[in-house]
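Listed here are the chains, written in short residue letters.
There are 2 protein chains.
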Amino acid sequence: VIVINLDKFFKPESVAVIGVSSNENKIGHIIFRNLMNNYKARIYPINPNEERIIGYKCYPSVLAVDSDIELAIIAIPAGKVMQAVNECYKKKIQNLIIITSGYSEIGNKKGEEELKKLLAKSKMNVLGVNCLGNYDAHTKFDSMFIPTARMKRPKPGYISFISQSGALGAAILDLIASKNHGISKFISYGNATNLDESDFLEYLGGDVNTKVICIYLEGVKDGSKFMQTAKKISGKKPVIILKGGVTEKGAQAAMSHTGSLAGSTQVYSAVFKQSGLIEVYSLEEMFNLARLLENVVKPKGNRVQIITNGGGYGILGADSVSKNNLRLAEMYPRTKMELKGKLSSLVSINNPIDLIGDANDERFQLAIEKCMNDSNIDIILTLLLPQTPLITENIVNILAKINSVKKKPLIVVCTGGLFAQKIKSELENKGVPCFDFIPDAVLAIKRFCDYHNIK
Amino acid sequence: VIVINLDKFFKPESVAVIGVSSNENKIGHIIFRNLMNNYKARIYPINPNEERIIGYKCYPSVLAVDSDIELAIIAIPAGKVMQAVNECYKKKIQNLIIITSGYSEIGNKKGEEELKKLLAKSKMNVLGVNCLGNYDAHTKFDSMFIPTARMKRPKPGYISFISQSGALGAAILDLIASKNHGISKFISYGNATNLDESDFLEYLGGDVNTKVICIYLEGVKDGSKFMQTAKKISGKKPVIILKGGVTEKGAQAAMSHTGSLAGSTQVYSAVFKQSGLIEVYSLEEMFNLARLLENVVKPKGNRVQIITNGGGYGILGADSVSKNNLRLAEMYPRTKMELKGKLSSLVSINNPIDLIGDANDERFQLAIEKCMNDSNIDIILTLLLPQTPLITENIVNILAKINSVKKKPLIVVCTGGLFAQKIKSELENKGVPCFDFIPDAVLAIKRFCDYHNIK
Numbered sequence: 008v009i010v011i012n013l014d015k016f017f018k019p020e021s022v023a024v025i026g027v028s029s030n031e032n033k034i035g036h037i038i039f040r041n042l043m044n045n046y047k048a049r050i051y052p053i054n055p056n057e058e059r060i061i062g063y064k065c066y067p068s069v070l071a072v073d074s075d076i077e078l079a080i081i082a083i084p085a086g087k088v089m090q091a092v093n094e095c096y097k098k099k100i101q102n103l104i105i106i107t108s109g110y111s112e113i114g115n116k117k118g119e120e121e122l123k124k125l126l127a128k129s130k131m132n133v134l135g136v137n138c139l140g141n142y143d144a145h146t147k148f149d150s151m152f153i154p155t156a157r158m159k160r161p162k163p164g165y166i167s168f169i170s171q172s173g174a175l176g177a178a179i180l181d182l183i184a185s186k187n188h189g190i191s192k193f194i195s196y197g198n199a200t201n202l203d204e205s206d207f208l209e210y211l212g213g214d215v216n217t218k219v220i221c222i223y224l225e226g227v228k229d230g231s232k233f234m235q236t237a238k239k240i241s242g243k244k245p246v247i248i249l250k251g252g253v254t255e256k257g258a259q260a261a262m263s264h265t266g267s268l269a270g271s272t273q274v275y276s277a278v279f280k281q282s283g284l285i286e287v288y289s290l291e292e293m294f295n296l297a298r299l300l301e302n303v304v305k306p307k308g309n310r311v312q313i314i315t316n317g318g319g320y321g322i323l324g325a326d327s328v329s330k331n332n333l334r335l336a337e338m339y340p341r342t343k344m345e346l347k348g349k350l351s352s353l354v355s356i357n358n359p360i361d362l363i364g365d366a367n368d369e370r371f372q373l374a375i376e377k378c379m380n381d382s383n384i385d386i387i388l389t390l391l392l393p394q395t396p397l398i399t400e401n402i403v404n405i406l407a408k409i410n411s412v413k414k415k416p417l418i419v420v421c422t423g424g425l426f427a428q429k430i431k432s433e434l435e436n437k438g439v440p441c442f443d444f445i446p447d448a449v450l451a452i453k454r455f456c457d458y459h460n461i462k
Numbered sequence: 008v009i010v011i012n013l014d015k016f017f018k019p020e021s022v023a024v025i026g027v028s029s030n031e032n033k034i035g036h037i038i039f040r041n042l043m044n045n046y047k048a049r050i051y052p053i054n055p056n057e058e059r060i061i062g063y064k065c066y067p068s069v070l071a072v073d074s075d076i077e078l079a080i081i082a083i084p085a086g087k088v089m090q091a092v093n094e095c096y097k098k099k100i101q102n103l104i105i106i107t108s109g110y111s112e113i114g115n116k117k118g119e120e121e122l123k124k125l126l127a128k129s130k131m132n133v134l135g136v137n138c139l140g141n142y143d144a145h146t147k148f149d150s151m152f153i154p155t156a157r158m159k160r161p162k163p164g165y166i167s168f169i170s171q172s173g174a175l176g177a178a179i180l181d182l183i184a185s186k187n188h189g190i191s192k193f194i195s196y197g198n199a200t201n202l203d204e205s206d207f208l209e210y211l212g213g214d215v216n217t218k219v220i221c222i223y224l225e226g227v228k229d230g231s232k233f234m235q236t237a238k239k240i241s242g243k244k245p246v247i248i249l250k251g252g253v254t255e256k257g258a259q260a261a262m263s264h265t266g267s268l269a270g271s272t273q274v275y276s277a278v279f280k281q282s283g284l285i286e287v288y289s290l291e292e293m294f295n296l297a298r299l300l301e302n303v304v305k306p307k308g309n310r311v312q313i314i315t316n317g318g319g320y321g322i323l324g325a326d327s328v329s330k331n332n333l334r335l336a337e338m339y340p341r342t343k344m345e346l347k348g349k350l351s352s353l354v355s356i357n358n359p360i361d362l363i364g365d366a367n368d369e370r371f372q373l374a375i376e377k378c379m380n381d382s383n384i385d386i387i388l389t390l391l392l393p394q395t396p397l398i399t400e401n402i403v404n405i406l407a408k409i410n411s412v413k414k415k416p417l418i419v420v421c422t423g424g425l426f427a428q429k430i431k432s433e434l435e436n437k438g439v440p441c442f443d444f445i446p447d448a449v450l451a452i453k454r455f456c457d458y459h460n461i462k
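In the order they appear, the protein sequences are chains A and B.
Per this note's numbering, the very first residue in the first sequence carries number 8; after that it's consecutive.
Per this note's numbering, the very first residue in the second sequence carries number 8; after that it's consecutive.
Same shape as in the complex, but just chain A (with noise of 0.2 Å):
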């Protein structure tokens, strides 16, 4: 596997971009709009029935600019793109992104071949066809066409996202950014004329500023390269994988999504499998159990403490703990007297910590201290309701300022309404993970103590 550098995907210092309308509904317009607003480079915009576009002079054809230029995004009809990319190949452009459809997605596979074929010959990295386009959350850089209104791009974080749909990569990536997650880069490849999910990775492999890396896959073009890939990148840092058409049916319709053979479910799973990768079955599960690969330390073993101020809650999360096979932590005696000597005689300190409705914040302090240095205790999982009055804003503080030690993992699941997602956006903001619901944390949980072996 030749490992392709596209740094230029990313931190590019002079990009045009193909086809901007003066009309702000179109695709090259919100993409030109977006790296204007966002994005510190020299940008050009190409159309060659327009003098200037919001301000910016406007230029024929790339090759009427007169700098070099780094990248170019393509965003016009499939009928003109040839010509765009023989320019493009002209002017010595070496990274392309063509955000164009009608190829094969549409049965068009005589004009993707043509394609093809002329991306291999010129030698540049191309970046689609049929895709959404690009993000990086540290750098900025944006060729996606979806306007900041109606998608809202996540804050820097570490976890990269490969997806080979671009429509479902938006929502989720508008669904982190509203639930203020972080992400580091995000790629929508769509037909992988050119560059596909292997190159991907491969880069992601080596990019610093990704910790995990996430895929969404309908289909592989190339399997040996990609288990090649897999092997290598996953033995450096985690892959979660979910695989569109793993049934019949949705195989039949990822063959005309994105023209992919999904190919036998079982199959898929044994390679994933053998390449080191993480399969999930849904986007939560996926984002679930990056959040927790990217901020928690690993744990020495699988013992959970559940402390709560709500007790109905501390059994559902007792519950949930023995069904996902995980052990419920048996404290020493002695943490037990010194939290029974310092708590009001209703409080319940068992395994759940029952802290009851009318604990403070200093209350749950008091407990995940002694928890957290309590070495028969190996993860401790905070089921938090802020409905009841005593609990402030403050414990947001509280619980960051115990887990920035990063002893041991401390995962919060807080349910409710306002301030309950006021909480919650404040506890991801200084990386404490933190849920909606029982059953989704203690699922990642599960998830991350076997991608940890520790059984």
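Be aware that a few hints might be false.
Since copy identity is lost for identical chains, a pair holds within one copy or between any two.
Cross-link-like lysine-lysine pairs, in silico, DSSO-like; alpha carbons within 30 Å at most [as the list claims (entries may be wrong)]:
hint, residue 1, residue 2
1, 18, 349
2, 99, 429
3, 243, 98
4, 347, 117
5, 15, 349
6, 347, 87
7, 437, 305
8, 429, 33
9, 349, 116
Bear in mind the hints are in silico, worked out from the structure with no lab data behind them.
On a predicted model such as this, the values are computed, not experimentally measured, just so you know.
The hints should help you fit chain B onto chain A, whose structure is shown.
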């Protein structure tokens, strides 16, 4: 089973709150203030140490009030409860809510036994002890000791919720309200010292504002009474049950929470099934199913048609439908022809129908209307990704209008950030069930078909 009329717990014309401090953080004060602000009735604060509370004349005991009182809410320490109950008895108050904790749940079995005897002798109807109180979204009666700033109250709907755990109930109400779902009645019954889960189930069975009953249960006090009631009510309307303490560890936790003997999971599950109850395994699953049972018409079969603007989402949807043993519909050739005649050749008219990234509201309207009229389709699952620029807020009106005919179930998944949440909230407001994620929606459809015996 004696049917007890509990109307006065939800629409009393006169209410005494026993233990209203002038300290606005205290439980009695919060309850009194919530009633004062939101509920229309005569209300009397009781406190021997105060002259006036928030502008109201304060009484030393209920005996000092010279009008009749239909319901008293007791929020004083356990040691003073017996005297207050005796005074209520003398005052001929028929209905009591005892919020106070400190009984069997902390090992004070003697205290609870004494109180239980007094209550039985007095023939009053009593909710509690150790409970959060209750709420009626239609009348706005509210005895819950959580300020509205911390816990939003849901709008009126037709799902009622009986919860053995108060804090769990609070978190769920808060969440439901924030998602713009509705509720009818909420009852946190705590230790069930007098009235128990069966009494509330019986009452809700006859309540015209309750279409679906949800129960969170840790243990049952009187098994045969519960089975008898459950059988009777589940014949009238759907009753969904979530059992806390289904594992050994969870059961131990339940013991110290509400003093419930959780009993064997297998026994409970068998009893639930025999009694016609729908058992679920998480709170999300409970409310997702309840929303379908509340809003959605019974389908003729389980043939699901997926309509989406995101190819990858369609594939994941098809996978999810297959994995849940539902069927993917095969539309009539005529429907397919008609759609092909009106839509761009890029659109894929199969199952899923992929309206692709440039879909506008009208394209969705056309596809959904055609599927509504195709008798080969039983259920329509719309996977809407509102990040793409041509989807507008008007999609809400379009979907709501089609849904209002109630021809067949229309279920929506809408994933994303602020704009998606807005669409979701408005759809819910207009009675179209809308989910964040595909697996949750499809599982709910599966459970919904199971309830209707559709295979």
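Against the structure, the hints:
1. 18 - 349: This pair counts as neither: shortest intra-copy Cα distance 55 Å, inter-copy 43 Å.
2. 99 - 429: Answer is neither: 49 Å inside a copy and 46 Å across each miss the 30 Å cutoff.
3. 243 - 98: neither (37 Å within a copy, 75 Å between copies)
4. 347 - 117: Between copies only: 23 Å across chains, 75 Å inside a chain, cut-off 30 Å.
5. 15 - 349: neither (58 Å within a copy, 42 Å between copies)
6. 347 - 87: between (75 Å within a copy, 26 Å between copies)
7. 437 - 305: This pair counts as within: shortest intra-copy Cα distance 18 Å, inter-copy 46 Å.
8. 429 - 33: Result: close only across copies, 24 Å inter versus 35 Å intra.
9. 349 - 116: between (72 Å within a copy, 24 Å between copies)
In summary, the structure is inconsistent with hints 1, 2, 3, 5 from the numbered list given earlier, while agreeing with the others.
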